[in-house]
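Asks: Quick note: the sequence shown uses the numbering used here, first residue 1, plus one each step.
Don't take every hint at face value.
[Unchecked claim] Quick list of simulated restraints, FRET-style, between CB atoms: (1) Gln-749 to His-705: 25 to 31 Å; (2) Val-87 to Glu-884: 57 to 63 Å; (3) Lys-364 to His-742: 55 to 61 Å; (4) His-742 to His-705: 24 to 30 Å; (5) Met-186 to Asn-492: 41 to 47 Å; (6) Ser-268 to Met-186: 28 to 34 Å; (7) Met-186 to Ile-496: 45 to 51 Å; (8) Lys-912 to Glu-884: 17 to 23 Å; (9) Lys-777 to Glu-683: 22 to 28 Å; (10) Pro-664 to Gly-32: 42 to 48 Å; (11) Lys-801 to Lys-319: 28 to 34 Å; (12) Arg-853 to Gln-786: 19 to 25 Å; (13) Arg-69 to Glu-683: 53 to 59 Å.
To be clear, the hints were calculated from the coordinates, so they are not data collected in a lab.
C-beta atoms are modelled at their ideal positions from N, C-alpha and C, and glycine is treated no differently.
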Amino acid sequence: MAEIVTGAMTTLLPKLTNLIKGEYNLQKKLRGEIMFLETELKSMEAALVKVSEAPIDQPPDIEVKLWTREVRELSYDLEDSIDRFMVRIDAGKDPSKQHSFKGFIDRSLSLLTKGKIRHNIGIDIKDIRRRIKDVSERRDRYKVDQVPSKPVGRSIDNLRISAIYKKVTELVGTEEKSNGLIKRLMEGSETSKQQVIVSIVGFGGLGKTTLANLVYEKIKGQFHCGAFVYVSHDPNMDNIFKNMLYQLDGDKYKYINQATWSEEQLISEIRKFLQPKRYFIVIDDIWNTSVWETIKCALIQNECGSRIITTTRNLDVAKQAGTVYQLEPLSLTDSTKLFYQRIFGSENECPPDNLVEVSGKILKKCGGVPLAIITIASMLSNRNRKENTQKHWSGVYQSMGSGLDGSSNVNDMRRILSVSYYDLPSCIKSCLLYLSLFPEDYEISIEDLMWKWIGEGFVNEEQGRTLYEVGEVYAEELVNRSMIQPVDISGNNKTITSRVHDMVLDLTNFLSSEEHFLTKLGGRQHISLPKKIRRLSLTISQEEEVKQLATMDFSHVRSLTVTRLMPNLSSFPVLRVLDLRNCPKVNNHQLKEICNMFHLRYLALDRTSLTEIPKEIQNLRFLQVLDISSYAENMPSTLENMPSTFIHLQQLQRLCVWGCIRLPDGFGNLKSLQEVMGTIIIESPSMLHDLRSLTELRTLAIDFHDWGESYEKPFIQCLSNLVHLKSIKIEGRVGSLYSECHKLYPGPQQLCSIDISSAINAVPRWMSSLCFLSSLKIKLFTLAEQDLQVLGSIPSLSVLKIRVSNKSTQDRDERLVIGKCYPFQRLTRLEINYDSMGVVFAPGAMQHLKELRLEFWVQEAVHEFGDSNLGLEHLSSLEHVSVEIIKNHTTPAEVEAVEHEIQRALDMNPNKPTLVIVRTTTEDKIRIAVLVQKATFQFLIGLNGVNSHSEGSEACTAPGALELPGPEEEKSRPTRIRCCK
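Given only the sequences and the hints, what does the whole structure look like? Please build it.
Replies: Structure, rendered in structure tokens:
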């Protein structure tokens with residue numbers, strides 16, 4: 001069922017409950033009306049969920065579709081009415097005027113209007129009640145949740161069977177994959193008697209079933225018995241086990257379908273039959289881990305060298321089942337062969353010259369997915385050749401991804417892909433359809449996407465979790481189900497950016513258009529407009545288009561994304577989400593107007609022409625996300641300062657700025673704040689008192705402008721209060737971080753990343769109490785034994801970067817020894833930047849270290865200690881070493897001697913690690929630093945061009961950014977030596 005089953009229920013029902021409470025002083029009769037609405041809507045929500053659970057092959061009756069659509073519209077209208085009431089009843093509550101004479105006058109005048117406001121909400125609710133009554137009667141009249149469904153078209157099972165029984169001559173690109181899979185299955189089969197399970201994973205239409213069947217047919221003769229069973233989305237376990245038994249021995253279990261055995265009896269029978277046999281079984285299309293756990297009970301581990309293949313769309317299921325085989329799309333060569341074979345009957349046939357270009361474009365959109373290639377090719381091959389073939393092919397290409405094509409082939413493809421959509425929990429369906437907002441090949445920031453979901457009200461509250469954490473679960477679910485494809489993944493295996501495959505985008509566009517979930521205007525979109533537009537994406541570049549918009553009704557739009565030119569925002573009275581990040585002409589005056597859009601939850605203004613934030617920002621009391629970052633090379637300094645009224649945004653959870661930000665006195669009132677993407681300037685100890693009140697913060701970057709002893713204890717008290725903190729970056733002249741403190745209480749026990757870019761006297765002792773700290777970047781004036789003791793005792797530390805700015809004050813003539821007395825239980829990567837390289841590794845040191853990066857001055861190392869013996873031979877797990885030596889004021893012979901000593905030590909290392917040595921000078925380092933800065937700037941601006949909502953936009957280029965040498969170019973520099981073992 002294509003409907004968005006919950007409408008505004010996620011946010012509406014809690015608001016109804018809140019209204020019933022006495023704080024809004026509603027009349028008893030009106031509270032009774034609201035209680036009635038709440039009860040009715042809960043009942044409707046239950047009916048919606050029940051209807052949504054209908055199988056995909058049994059689409060709902062037209063009456064059901066109309067009813068569900070009306071319920072959704074009702075929920076939206078009621079929420080809009082409640083929000084208007086809450087905004088108006090709270091209007092004028094300016095905390096700064098509570099005790100002033102003007103505040104007294106304002107409150108007195110507001111009392112005269114609040115009665116009228118409550119009267120109006122009463123009228124709205126009575127109207128909604130009437131509409132709900134009509135909808136309820138219609139539900140009873142049509143027996144909505146009991147309407148029998150009508151099977152339409154080919155079933156998914158039939159479509160799957162057609163994939164299994166394709167002729168070998170029709171299979172393209174599977175031979176190499178099947179051989180690779182067979183090799184993985186049968187590796188060591190002659191000597192190993194262990195059971196081997198390989199799980200093929202990928203999204204719908206990628207060819208999992210086809211590949212599994214091809215492998216099954218190739219090698220099943222090497223086993224005593226075998227079976228290929230299909231699980232399905234809603235499995236009947238008894239039928240699955242009976243089918244398995246029949247395939248294992250058709251004579252013995254000829255009448256198994258007539259048996260009345262229980263599930264336990266069937267499992268027991270299968271285990272008994274398989275006990276003495278070497279078997280090969282394929283379990284196709286598993287949807288959840290509980291089903292696999294049940295099936296696995298029957299597949300006895302009998303030490304006979306049996307093999308099992310499972311297929312699934314869900315990565316979690318694949319990991320649970322066995323070794324994961326991630327099925328990749330077809331190569332361009334194989335895609336072309338399959339495409340031409342389906343159209344012309346031969347993979348060697350070529351299209352006419354006038355079709356070559358459009359063929360390439362079509363194949364690019366298909367993205368190597370066999371189902372998509374076959375579907376589109378079938379459409380093209382059925383074309384009447386007397387008609388304009390080129391025009392038809394171009395038309396098919398234009399419709400791909402738009403969701404507009406309704407041919408039977410495309411519908412079959414969508415039906416296969418949409419099974420994943422129907423299997424999603426109802427709360428995540430809206431999140432998936434929201435992806436129809438983005439154009440093809442758009443690289444989506446997962447974090448920004450989650451905050452938009454939150455602003456839209458798609459994310460349900462869950463006890464013990466923030467909305468952001470629930471959003472993370474939703475995003476992970478879509479990745480695991482192969483609905484979105486990760487592009488950039490963090491060190492802790494979380495998706496940072498992702499893309500949507502064009503065929504999944506086609507599905508979301510189709511479902512979104514069918515139910516008027518999202519409306520697109522401008523560009524290539526030409527669709528009929530719904531009566532009430534709820535979500536709108538505008539791509540307009542001409543002033544005439546802006547004028548045309550003035551004739552349209554946008555009074556119900558809840559979400560607006562604009563590219564290029566901005567419309568008149570006064571036409572959007574109930575906006576919750578406003579994304580203007582691609583409107584460079586948005587100015588300060590327009591921002592003042594935006595500050596009167598009281599319903600806003602999400603506001604994105606980065607890459608605009610703003611130079612200041614007005615005091616009217618306080619009007620946005622519901623605002624959860626404010627993005628005012630700018631990728632301009634010379635950002636106006638006025639954007640560093642927030643007005644004093646900013647502290648009234650008490651629901652703000654995320655603030656994005658570019659560079660540094662000065663928050664006003666009293667910013668501790670922003671108690672909902674979880675993220676500050678930018679650096680908070682700290683100019684007095686009192687600001688740390690404000691900071692300690694932001695107990696929900698997860699990420700924090702601070703810059704101390706004037707550190708002194710008076711900061712030390714307030715900083716520790718502040719850090720002890722930030723119990724949800726996961727990462728912190730500290731800049732400025734710090735000096736000391738109260739290193740004598742042994743423990744933070746209650747402390748940020750979830751803290752996993754610390755970056756201290758300013759030099760401090762010693763490693764703070766409290767760091768050893770942080771059980772989840774895995775990454776530490778620290779700058780020290782000196783490195784001493786007590787520092788190594790603290791660092792070595794951090795239990796989860798896996799990445800450590802140390803920069804030592806000065807030589808030891810003790811004029812030590814021996815290197816500091818790092819031995820097994822400093823545990824470093826999980827350290828796998830170490831970077832040390834030390835002028836004189838004053839450390840040496842003793843036997844037993846850092847036993848899990850795999851990657852080591854060193855940077856030091858040759859002159860300092862040789863003259864200070866007389867040699868460059870670092871004890872690298874003692875690092876038993878070492879795999880890679882990278883050394884940057886600064887050769888200022890040294891002779892070539894001295895440099896070569898240092899390099900020879902390092903190579904000699906690694907030759908003695910039993911693990912034989914690889915070595916890369918880079919010779920450089922201070923002048924080189926300065927030049928490279930400048931180029932890196934330029935390249936970073938180009939990358940950030942390039943994101944605007946690559947990720948623009950408008951098609952064909954161009955990325956900006958920073959002058960000189962392309963001068964930075966890449967890895968291969970860097971290797972060719974004459975000052976670089978690469979030695980590999």
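Asks: Next step is simple, just say for each hint if it's right about the structure.
Replies: Each hint, compared with the structure:
1. Gln-749 to His-705: 25 to 31 Å: Distance hint for Gln-749, His-705 holds at roughly 29 Å.
2. Val-87 to Glu-884: 57 to 63 Å: holds (59 Å)
3. Lys-364 to His-742: 55 to 61 Å: Since Lys-364 and His-742 have Cβ atoms about 60 Å apart, the given range 55 to 61 Å holds.
4. His-742 to His-705: 24 to 30 Å: Since His-742 and His-705 have Cβ atoms about 29 Å apart, the given range 24 to 30 Å holds.
5. Met-186 to Asn-492: 41 to 47 Å: violated (35 Å)
6. Ser-268 to Met-186: 28 to 34 Å: holds (29 Å)
7. Met-186 to Ile-496: 45 to 51 Å: Roughly 37 Å apart at Cβ, these two residues miss the hinted range, so it is violated.
8. Lys-912 to Glu-884: 17 to 23 Å: holds (22 Å)
9. Lys-777 to Glu-683: 22 to 28 Å: holds (24 Å)
10. Pro-664 to Gly-32: 42 to 48 Å: holds (44 Å)
11. Lys-801 to Lys-319: 28 to 34 Å: holds (32 Å)
12. Arg-853 to Gln-786: 19 to 25 Å: holds (24 Å)
13. Arg-69 to Glu-683: 53 to 59 Å: With Cβ atoms ~55 Å apart, the hint holds.
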